[in-house]
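**Q** Sequence:
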Amino acid sequence: MGDQIQFIVEKLNQEPFRKNYNLITFDSLESMQLLQLLSDVLGEIDPKHDVDIREELPEQTAKRMLSLLGILKYKPTGSASDSSTFRQGLVTGSKPVIHPILHWLLQRTNELKKRAYLARFLVKLEVPAEFLQDDTVADINKQYEELMEAFKNLHKECEQLKTSGLSTAEIRRDINAMEEEKDQLIKRVERLKKRVETVQNHPRMLEIARQLRLEKEKEESLAQQKQEQRNQLFHAEQRLQRAQLQLKEIHHAVVDSKPESLMKKLEEEINFNSYLVAEKIPRELESKKNSAYFLQKVVAEPAMSQSDLDVLEIKINEVNAQMNQLIEKRMMKYEPVDSKFSMYRQQASIISRKKEAKAEELQAAKEEMASAERQMLQKTNQARELEGADILKGDEFKHYVNKLRSKNMFYKKKRLEIAEITAEYGVLQRTEELLNQRHEAIQQQLQAIEDKKGISGYSYTQEELERVSAVKSEMDEMKGRTLDNMSEMVKKLNAMVAEKKASLAPVIKELRQLRQKCQELTQECDEKKIQYDSCAAGLESNRFALEQEVKGLLEERVQEESNYRYINCMKRNLEVQLQRAKEEMKAYVSSDPQERRKAIREQYTRMILEQENLGKKLREKQKVVRESHGPNMKQMKMWQEFEQLMECKRECFLKQQNETAIGQVIQEGGKDRLVL
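Per UniProt numbering, the very first residue in the sequence shown carries number 1; after that it's consecutive.
Worth flagging that the hints you see were computed from the coordinates, not collected in a lab. Predicted model, so just to flag it, every value in this text is computed and none were measured. Among these hints, one or two may not hold up.
Under the rule of at most 20 Å between Cα atoms (straight-line distance), these lysine to aspartate or glutamate pairs were calculated in the EDC-like manner [said to hold, decoys possible]:
1. 366 with 356
2. 329 with 451
3. 453 with 463
4. 73 with 40
5. 288 with 360
6. 142 with 130
7. 379 with 367
Please work from the sequences and hints to get the whole structure.
**A** Pasting the structure below:
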């Protein structure tokens with residue numbers, strides 16, 4: 001208990017609580033202070049529970065804490081294991097109840113934070129069945145379950161990404177490296193473009209290179225398709241060969257067999273398949289369903305910690321121990337009525353086990369036969385592909401067949417011996433079971449006689465004493481032998497140590513001299529190392545200065561090259577502009593009217609005149625439109641009113657026709673009534 005309180009105080013004095021408690025101040029806390037401290041710890045795990053308990057009723061505080069502890073899967077231990085005692089201690093703030101809760105919470109704070117976060121989204125709301133009959137409520141509940149499953153999947157992906165080792169810093173470094181590579185590639189492409197621009201017919205050459213790349217890609221795709229078609233052809237040939245082999249086997253089976261044997265084989269296959277369908281496969285299917293149900297149940301529950309697994313393992317061990325005790329009690333108890341049927345039960349269980357074992361052996365044999373057939377088919381294909389392979393013919397084949405027959409006879413003989421041995425083993429096993437049963441009955445009778453005589457356990461005690469005495473005699477003999485062996489071993493070891501000392505004396509002298517030399521060499525090595533380090537530091541500083549100077553010169557060269565290229569470009573632009581100005585001046589000064597028309601000034605003057613004429617025409621049109629706008633609007637209004645008038649007349653005409661038709665129907669109905 002002291003270690004528990006020490007652990008609680010250390011955790012509360014750390015982040016994020018910072019309570020500055022010691023053992024005395026923590027032990028002197030009152031019940032309300034303990035409850036507030038527990039509420040603070042729960043609030044650190046789930047922020048919804050960061051509440052001042054003075055502002056709520058004690059029942060509400062206990063209910064809130066119990067609900068969160070239930071979600072976190074806290075199980076009371078010790079004297080508070082009873083639910084009523086635990087609840088009462090939680091309401092009153094009892095130390096034996098609060099201290100274990102604090103210890104448990106502070107041990108696994110991070111794990112419980114995660115569990116509380118998941119509980120906000122994974123604790124399912126129970127909707128009564130009568131409300132689920134409403135379609136709207138059922139749809140909303142279904143959407144709620146789908147969202148819960150989606151949250152589970154997203155949370156799993158998030159945890160996998162967190163544990164995958166990829167951090168934001170690494171991703172940023174990768175992005176920066178990729179951007180640098182991109183810039184380098186862009187610069188390289190620009191340099192290549194500049195180099196290519198100086199080559200004659202470079203667009204045509206680029207187009208040819210692009211077509212060459214496309215043709216290579218087509219060639220690769222065609223080669224891949226060709227390989228796929230070869231594989232498909234190979235698989236089709238294998239299927240054909242298997243089908244041909246099966247057809248030959250069926251022909252041989254039909255030729256060599258009789259209808260009775262075929263019927264017998266079919267009956268055996270039907271019996272075996274019916275056993276598989278009726279007994280074996282349903283049992284395996286039921287076991288698989290049970291295991292799948294338990295696995296789904298385990299997956300649906302929240303994640304369990306190592307402590308929860310330890311508790312479950314302890315419970316499993318306890319239940320197994322109880323089961324073993326009950327089995328032993330049942331075996332100790334003598335029941336004559338059940339003993340009559342025990343023999344038949346045992347025989348039935350043995351037969352069922354043998355039946356299951358034989359069915360599994362038969363299934364395994366079928367699988368092995370299928371694999372052997374596949375291997376045989378592969379070997380035959382390989383033999384056909386190989387050229388010049390030796391094939392048995394004539395006398396060699398007959399000799400091979402005779403050899404196989406002799407081996408088959410030997411195999412059948414051994415198989416009969418194995419069957420006899422297995423039958424004898426079954427008889428011996430049954431004899432052993434009967435003898436064990438008889439021994440148990442005699443032991444029970446002997447125990448009953450001992451109980452009557454008042455010396456119960458005498459035979460067991462006598463057997464134990466005999467066994468202990470035999471073990472003691474064996475141990476004494478072993479001790480005597482071990483003592484003798486140890487004394488001999490000690491003598492041998494002393495002799496070996498003396499021999500080793502004598503042989504190692506000159507070596508030790510040489511080793512001392514070598515140690516002195518080693519010390520001198522190490523001192524000399526240290527001095528040389530110091531000189532080397534100083535020289536290397538000076539050279540490194542000189543190298544760094546030279547590298548900086550070279551780097552500056554390289555940057556200056558790059559800058560000067562860019563300036564040179566910029567000046568060349570500006571020079572070319574100015575030359576082009578000067579040439580255009582000379583041509584314009586020549587055309588403008590020329591006496592030839594055709595040449596003067598080619599001048600840019602003449603072209604612009606013609607365009608200005610055309611635009612002025614176009615503006616005059618548009619202004620005239622605008623004037624005409626303004627003058628005719630009023631009468632045109634008035635005429636359009638009159639046509640709209642005329643259209644409304646005609647629409648009104650049409651509606652009135654249709655209404656009048658409907659009224660006359662209804663009146664005729666009413667008159668005809670009245671006449672019919674009068675006739676009736």
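**Q** If a hint holds in the structure, say so; if it doesn't, say that too.
**A** Here is how each hint holds up against the structure:
1. 366 with 356: Given pair residue 366, residue 356 holds - Cα atoms ~15 Å apart, limit 20 Å.
2. 329 with 451: holds, 18 Å
3. 453 with 463: With a Cα-Cα distance of about 19 Å, the restraint between residue 453 and residue 463 holds, given a limit of 20 Å.
4. 73 with 40: holds, 19 Å
5. 288 with 360: holds, 17 Å
6. 142 with 130: Holds - the C-alpha atoms of residue 130 and residue 142 are around 15 Å apart, at most 20 Å.
7. 379 with 367: holds, 18 Å
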